[in-house]
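For the record, the sequence lines run as chains Z, H, A and D.
The working numbering applies: residue 751 is where the first sequence begins, and numbers increase by one.
The working numbering applies: residue 751 is where the second sequence begins, and numbers increase by one.
The working numbering applies: residue 751 is where the third sequence begins, and numbers increase by one.
The working numbering applies: residue 751 is where the fourth sequence begins, and numbers increase by one.
Keep in mind that the hints are not guaranteed to be accurate.
If chains are identical, the list can't say which one is meant, so a pair holds when it fits in one copy or spans any two.
[Stated by the list, open to error] Derived EDC-like pairs (lysine to aspartate or glutamate); straight-line CA-CA distance at most 20 Å:
{"no.": "1", "residue 1": "Lys801", "residue 2": "Glu831"}
{"no.": "2", "residue 1": "Lys826", "residue 2": "Glu839"}
{"no.": "3", "residue 1": "Lys845", "residue 2": "Asp805"}
{"no.": "4", "residue 1": "Lys788", "residue 2": "Asp863"}
{"no.": "5", "residue 1": "Lys788", "residue 2": "Asp814"}
{"no.": "6", "residue 1": "Lys845", "residue 2": "Asp803"}
{"no.": "7", "residue 1": "Lys845", "residue 2": "Glu835"}
None of these hints come from the bench; they were simulated from the model.
Number of protein chains: 4
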Amino acid sequence: MQVRVYYKDTDMGGIVYHANYLNFCEMARSEMFFKEGKSPMINGCHFAIKKIDADFMSPAYLGDLLQITTKVTKLKHTSLELYHEIYREETLIFKQSVTLVFLCKDGKPHRIDEETKAFFRQHLF
Amino acid sequence: MQVRVYYKDTDMGGIVYHANYLNFCEMARSEMFFKEGKSPMINGCHFAIKKIDADFMSPAYLGDLLQITTKVTKLKHTSLELYHEIYREETLIFKQSVTLVFLCKDGKPHRIDEETKAFFRQHLF
Amino acid sequence: MQVRVYYKDTDMGGIVYHANYLNFCEMARSEMFFKEGKSPMINGCHFAIKKIDADFMSPAYLGDLLQITTKVTKLKHTSLELYHEIYREETLIFKQSVTLVFLCKDGKPHRIDEETKAFFRQHLF
Amino acid sequence: MQVRVYYKDTDMGGIVYHANYLNFCEMARSEMFFKEGKSPMINGCHFAIKKIDADFMSPAYLGDLLQITTKVTKLKHTSLELYHEIYREETLIFKQSVTLVFLCKDGKPHRIDEETKAFFRQHLF
């Protein structure tokens with residue numbers, strides 16, 4: 751997935767504000783669903799974030815076109831792990847591991863349904 | 751209501767990103783409810799924005815302490831109008847008129863309940 | 751310009767948070783520059799917002815693909831007026847007039863250079 | 751530092767959007783400076799984020815008053831490590847370790863000046 755950096759993404763340091771890299775990764779995760787005509791909201795359940803490990807390797811600037819990759823690194827009954835990388839041209843500028851848990855309206859972890867598991871299995875690393 | 755300007759509010763121009771003044775006004779509106787132990791979500795209904803007229807008079811900078819005022823300028827059956835001003839010390843730096851409509855879960859305008867009307871009437875200009 | 755609605759754009763009302771429509775319009779304005787290989791930062795000067803009139807006509811939801819149009823409605827020595835519309839398919843859901851002034855590092859309005867004027871004249875309504 | 755949760759912080763899941771916890775921690779870090787009459791911008795240099803490890807333990811909701819704590823866990827020549835916790839009343843809902851590097855206008859790490867080191871040493875765990 752490709753994302754352009756706009757003013758809204760920058761801060762007074764002249765570079766992308768750190769928390770916005772997490773937004774970019776959310777966009778890439780959600781777009782995995784949208785581009786196949788699906789939604790990341792599945793029968794009132796969704797994937798909530800439990801853990802993030804992120805490395806900020808190089809800044810991004812206004813107008814940059816960033817490439818965001820998403821890989822599934824672990825797939826369990828009620829949770830999964832993803833690994834995102836963000837590139838500006840050939841340069842890796844950010845990487846992030848994220849653990850997500852499948853929560854339903856009761857606010858508790860539920861088993862990920864088979865269709866959704868099959869969907870993620872395609873992207874399993 | 752008082753709001754501090756943090757990095758997250760600024761952009762690479764070194765000043766507060768324009769859309770964030772709208773956030774500050776939402777904070778002031780919501781805080782009217784919170785400080786009286788109420789919520790701006792009322793029996794599943796809430797106030798959705800229909801119209802905004804905003805004037806940006808002077809920039810705000812990292813670390814600024816801004817004062818936000820809210821006045822009720824019109825109170826109707828299903829909608830109301832508010833007027834916000836943002837000050838840095840004595841200087842008016844932003845003003846905004848906003849029309850809100852009371853929407854419930856069906857996505858349609860509903861009559862504002864009497865308790866909520868009475869609440870807004872206190873702040874009627 | 752086309753923008754997808756992601757989680758980050760929504761609020762607990764289940765729809766796009768109102769201030770984010772202003773972000774979408776900034777993206778469309780900036781993209782006018784980027785797609786011609788230009789930047790909205792011009793020799794250390796940029797366009798700062800002075801005034802916004804916005805109408806919120808219909809909500810947008812997670813996954814929506816929105817189309818944003820930009821027209822130049824007035825072009826003066828140190829400022830210009832733009833008019834944005836946001837559509838979901840054929841439906842107009844948001845419209846906004848915005849007045850911008852050309853500010854340089856001294857924080858004062860400057861004459862818009864001829865190249866930039868010519869650039870905007872192409873989009874003059 | 752105390753932060754209220756507003757609409758702008760929530761997403762359509764009805765809870766605070768994950769990246770906004772990072773904003774709350776930035777606010778707490780910056781406020782350490784502001785409350786002593788200092789700025790986190792020091793002679794054109796500032797602290798840029800290199801690494802984040804975050805655990806999301808419990809969601810936060812509209813109107814919640816969150817307490818954010820900041821401890822200095824490591825203080826080196828050009829970088830430091832902080833540890834943030836976010837509480838809702840007595841409940842720990844989020845924790846984060848963050849590594850920051852002191853960058854100046856050349857975009858390179860510089861030695862943290864003695865005054866700033868002394869400032870952080872007060873908060874050393």
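Taking the hints in turn, this is what the structure says about them:
1. For the identical chains of this complex, Lys801 and Glu831 are neighbours both inside a copy (9 Å) and across copies (18 Å), given an alpha-carbon limit of 20 Å.
2. Within a single copy, Lys826 and Glu839 get their C-alpha atoms no closer than 33 Å, and across copies no closer than 33 Å, so neither meets the 20 Å cut-off.
3. Taking the closest pair of Cα atoms, Lys845 and Asp805 come within 20 Å of each other both inside a single copy (5 Å) and across two copies (17 Å).
4. Only within a single protomer do Lys788 and Asp863 lie at most 20 Å apart by alpha-carbon distance; the minimum there is 14 Å, versus 39 Å between protomers.
5. Taking CA atoms no more than 20 Å apart as the test, Lys788 paired with Asp814 passes between copies only; the shortest distance there is 12 Å, against 28 Å inside one copy.
6. Proximity of Lys845 to Asp803 under the C-alpha cut-off of 20 Å is found in both arrangements, the shortest distances being 8 Å within a copy and 12 Å between copies.
7. In this assembly of identical chains, Lys845 and Glu835 lie within 20 Å of each other by CA distance solely inside one copy; the values are 4 Å within and 23 Å between copies.
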